[in-house]
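**Q** Chains as they are written, first to last, in the working numbering: chain P, 923 to 1259; chain X, 923 to 1259; chain L, 923 to 1259; chain U, 923 to 1259.
Treat the hints as calculated values from the structure; they're not laboratory data.
Hints may contain errors.
You can't tell identical chains apart in this list, so a pair holds if it fits in one copy or across any two.
As a list, the in silico BS3-like pairs of lysine-lysine whose alpha-carbon atoms are at most 27 angstroms apart [what the hints assert, rightly or not]:
(1) K1168 with K1113
(2) K1118 with K1041
(3) K1168 with K1090
(4) K1118 with K1090
(5) K1038 with K1113
(6) K1041 with K1090
Protein chains: 4
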Amino acid sequence: MTNDLRIGVVGAGLMGADHITRITDRISGAVVSAVVEPDQARADAAASNAPGAASYARIEDAIQDGGVDAVLIAVPGQFHEPVLLPALDAGLPILCEKPLTQDSTSSWRVLEAEQKLDKPHIQVGFMRRFDREYAALRELVESGDSGELMMLRCAHRNPAVPDSYNQKMLINDSVVHEFDVVPWLAGSPIKTVEVKYPRRNSLSPEHLREPILVIMELENGVLVDVEMNVSVQFGYQVATEAVFEKGLARIGQPAGLQTWRDGRFSISDHMSFTTRFAQAYDDQIQRWVNAVRGGTLVDGPNAWDGYLVALACEAGVQALDGGVVPVDAPARPDFYA
Amino acid sequence: MTNDLRIGVVGAGLMGADHITRITDRISGAVVSAVVEPDQARADAAASNAPGAASYARIEDAIQDGGVDAVLIAVPGQFHEPVLLPALDAGLPILCEKPLTQDSTSSWRVLEAEQKLDKPHIQVGFMRRFDREYAALRELVESGDSGELMMLRCAHRNPAVPDSYNQKMLINDSVVHEFDVVPWLAGSPIKTVEVKYPRRNSLSPEHLREPILVIMELENGVLVDVEMNVSVQFGYQVATEAVFEKGLARIGQPAGLQTWRDGRFSISDHMSFTTRFAQAYDDQIQRWVNAVRGGTLVDGPNAWDGYLVALACEAGVQALDGGVVPVDAPARPDFYA
Amino acid sequence: MTNDLRIGVVGAGLMGADHITRITDRISGAVVSAVVEPDQARADAAASNAPGAASYARIEDAIQDGGVDAVLIAVPGQFHEPVLLPALDAGLPILCEKPLTQDSTSSWRVLEAEQKLDKPHIQVGFMRRFDREYAALRELVESGDSGELMMLRCAHRNPAVPDSYNQKMLINDSVVHEFDVVPWLAGSPIKTVEVKYPRRNSLSPEHLREPILVIMELENGVLVDVEMNVSVQFGYQVATEAVFEKGLARIGQPAGLQTWRDGRFSISDHMSFTTRFAQAYDDQIQRWVNAVRGGTLVDGPNAWDGYLVALACEAGVQALDGGVVPVDAPARPDFYA
Amino acid sequence: MTNDLRIGVVGAGLMGADHITRITDRISGAVVSAVVEPDQARADAAASNAPGAASYARIEDAIQDGGVDAVLIAVPGQFHEPVLLPALDAGLPILCEKPLTQDSTSSWRVLEAEQKLDKPHIQVGFMRRFDREYAALRELVESGDSGELMMLRCAHRNPAVPDSYNQKMLINDSVVHEFDVVPWLAGSPIKTVEVKYPRRNSLSPEHLREPILVIMELENGVLVDVEMNVSVQFGYQVATEAVFEKGLARIGQPAGLQTWRDGRFSISDHMSFTTRFAQAYDDQIQRWVNAVRGGTLVDGPNAWDGYLVALACEAGVQALDGGVVPVDAPARPDFYA
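Chain P extracted, bound-state conformation (with noise of 0.2 angstroms):
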């Protein structure tokens, strides 16, 4: 009882308030200890879900108190280094919702001083890896039992949109989950990214130029194909169809209560990643704070994994101009070995 594991919450925004709950009233073994946010309305909102958490600023008065065992940031991406690089110093254990960080170079320098710790303290939120069907798949790809894997053909949905969402963020916000899970469920690094262009979508915002169908080849030859299209208006989608020797696999279709009515039938699609991945989130959450309450501190993607994925979105931000572009990835430190 008196083990909670007492976290402190970076960030009170739409993911952060939803971590703060999810921690609050579904997730065992841990509490919301502080709230780190400099926006005094969100900070008041937040903490009336999380009861006894104080509130704070900056991470540095949160970590001087003593009140935090472990760091979750929920920040946007280029406001994760100035969190990390003190709680690291701190040596507190960090779920870093992703990117890792904005670019490689600032990516690298969080590894280098992760490497001054005994040993890897930060997981990286790519939940996909906790959904049930992505680890079955993985589980499949695993095991042998349909030949060897040979093709991935994905496609990520959102119904729409905000207008500030920009080109570059179809590969940084969106295709970046697809470069965490797949070499994951593939078992084998990104070798080359290339975008393809198919017929515009009139609905999107008129500064974007999507759908895109990015391909990457892996280092086993896999070859991966990724429709990413943020304005189908129609529901929220994340599916993958695997293609073995001898086999296939789908995952992410569509489940749950069947109706019939006016002359259909139909299943509800989800709207949204928060009901999509839903299970996916919990799980993350509570395997991390698993992991820290036993000591091995990382129980998913960590660091490392963060900056391979940082490295194939700036290759694949490149590709949005055309061309086959490599991402040339530096040998694995022993440290995430």
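Given the coordinates of chain P, assemble chains X, L and U onto it according to the supplied hints.
**A** Same frame as chain P, but now just chains X, L and U:
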């Protein structure tokens, strides 16, 4: 942190052990503070999953020690009354695994004891109400969007049962779930119960005559047929088709990873209630814990519901011998309004 | 080329006109050589789809003219006997739309007339037997691969019926199909029929009390429940779930183009038997034509099957008033072995 | 009766024999009056399924004998031109199995010969256009109900191929179908073709490097990716997912009898094109027969379509060696408008 709900779990068999793990690993705001289990080996095994929990052979001792805020009963049904009565006497909130007690007479005694308190303290563990698809179906019924509900066509299929499973358990152990969830879905109590015998499954234990088809009429005219099948070999299934005036709905259908192999498209079935209802069990406990901590004490089927189910079971057992058997319930006490 | 089967179609209403178009446009080895229809307007309309067909008001005249090799009867059931008897008398092969005749007594007279010939000449138009999924289900039953069949759970749902549709037609016009196809699937005749009344559909014509649940027990112990529902608004459905000792099978489920729109995944339902059973009707006629041309004369349900269905309908109509009604059939004459 | 279309079938191999049986057994208004096949054993075997058909070694002799109203060509592609030219010369309507001829140069010669007639006489046997799901998808595209089409994501999977199947046949024998059906679905011709290589299937014949991913851009901007996979072992699949501005559609998904066995829900896959496209083949022939008898002569892809496919195949074969290869088609002659 210090106000975690301290739960005394009574019974450390299969079900009790499962709940202990659940509370310890996945439930927010609660800990297992006591395990009541006369079998020392079981108690020891359970203790390893509930760090810090005290061990007792009798519920009375656990209560007297003062370390228990609420009680979760997971012993077989015939042992419920001797736990329920002292727990009620101590004014403790209770989550009691189904059934409430072994028959309607003992259930009535429990109701009488409970009515001495200020409000209902007992929740009965009919977990199906917490299954998301069941909940979605109930919403559809209540919305009236498809017109009035006219029929429910249910199936409850187990791969196999142990030799100790007897003919009456078809009703008391298995159909019992439908006796709770059907009136809840349809918004109307059970009026009559009847049993039909299909061709016998030659793979059933010799002393069983099953499957059976249980037909219920509800007070509002809704007709229900339940296929109860405990030796189907091929999987564990709980499914319902709801027939409305202008629509249809179906729950419990195959979901998850889809695979193609050997000339077939396929989806894995469940083989046990533990995976089929995993989400329901978790949500049941979390919502009960939240209700107790919030002072509501009950958020689900209460003791009155449990009593009605006991009456239906008695009618069902009688119906195994033939005839259309009425379920005669007294008026519901205001206490349970 | 010159040996196309010359078919005389009796009745040029909805069903007859449909068969005329089918034979003319899609059936190999047959032509419509005569249309027998007293209503001149109908006869003229039909003639335009059967180039070269002669027109008659009476079957006797068509037979006498000698231009008819076989007869297809598509007038309402009460007018079948007066067509069947002269056609049998002329030794012509016959495909008779269901039912054989309007009752078992008249059906018996037809059987007697047919038995004067060298072999069965009448095939009855229970087209479900020609539906590919029904055929696949029957194969599964016969294979024994899933163990013995124990139950059939059927549904027959129409979007709406005309005001002229009366209570008995629930049995004689609709359940009549199950009375043929269920024994054929299960390999055993019907022993008893019973009717249960669910909540009434308020959208039904005022004089109808429906849906009904028809329960049949077969001689081999298989139990069958049929939901008969004629005002469901949402679509036309004929579906069956077969429960085996170690498996399950289902036919009549949604198929075809899958679409995602407006937050829903959906598949179009049928709205009429004409599309639901299009393939079955075509195959029924083609196989009958082939059988006649090949000298077998019958390739499907025969007059004896039609007689058994008439007996079952009489039991079913009686069961509308309550009780478990036996179906007592005489021994099958060797003529139909 | 006397005006049945007399078809001369050229080629009595697998495909030809299948068409002979189809015309004889299931097609209305047509008979096989001649079989042209130099291999005597094949000719004899085929004759037994086409009673009354004359047998010839050369098309010219069949034409000269005057017993042929129309020609169906089912010999391998490299032998099409020598049959097409004399048949055109005789003014006969022709259904020519795909491809039109073995390359674009010879196809052009056929176009020139055909343009000497009063109107198009050749229909090419791209049967997918007659598949009901393809037709439904095309209707959806044309309706604009889901907005504009943006992408097509296709898969063509064969269980296995014979050793004689070579790398170019991936394009000329298999992707050839997409080259016809994709522009027809999307309402726009192919602009470029590109080929990507996923990880090689180790179960493929040694001389094949497959699967391949073929990427096409259409004139209207629609992007298409086709997974071409000829050693998948697990089944025969032809599937397409269409991505619209505000919706999604999918064809070629599992359908038919659903079974539950051994812990799995499953549906049988096709193992061959003969069952997958059975309905399409039947409808293709019936509609062609009707068109010929009605004087239209062609009701489906014509020789111009066949020529465009030949150009696309040449681009596709070139793309096997790398690069984005343009498909340059001349303007369509008014003759084919």
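**Q** Hints first: check each against the structure and report whether it holds.
**A** How the hints compare with the structure:
1. K1168 with K1113: within (25 angstroms within a copy, 33 angstroms between copies)
2. K1118 with K1041: neither (40 angstroms within a copy, 41 angstroms between copies)
3. K1168 with K1090: between (37 angstroms within a copy, 22 angstroms between copies)
4. K1118 with K1090: Close inside one copy (14 angstroms) and across copies (25 angstroms); limit 27 angstroms.
5. K1038 with K1113: For K1038 and K1113, neither the intra-copy (29 angstroms) nor the inter-copy (55 angstroms) Cα distance is at most 27 angstroms.
6. K1041 with K1090: neither (33 angstroms within a copy, 53 angstroms between copies)
Going through the hint list in order, the structure does not satisfy hints 2, 5 and 6.
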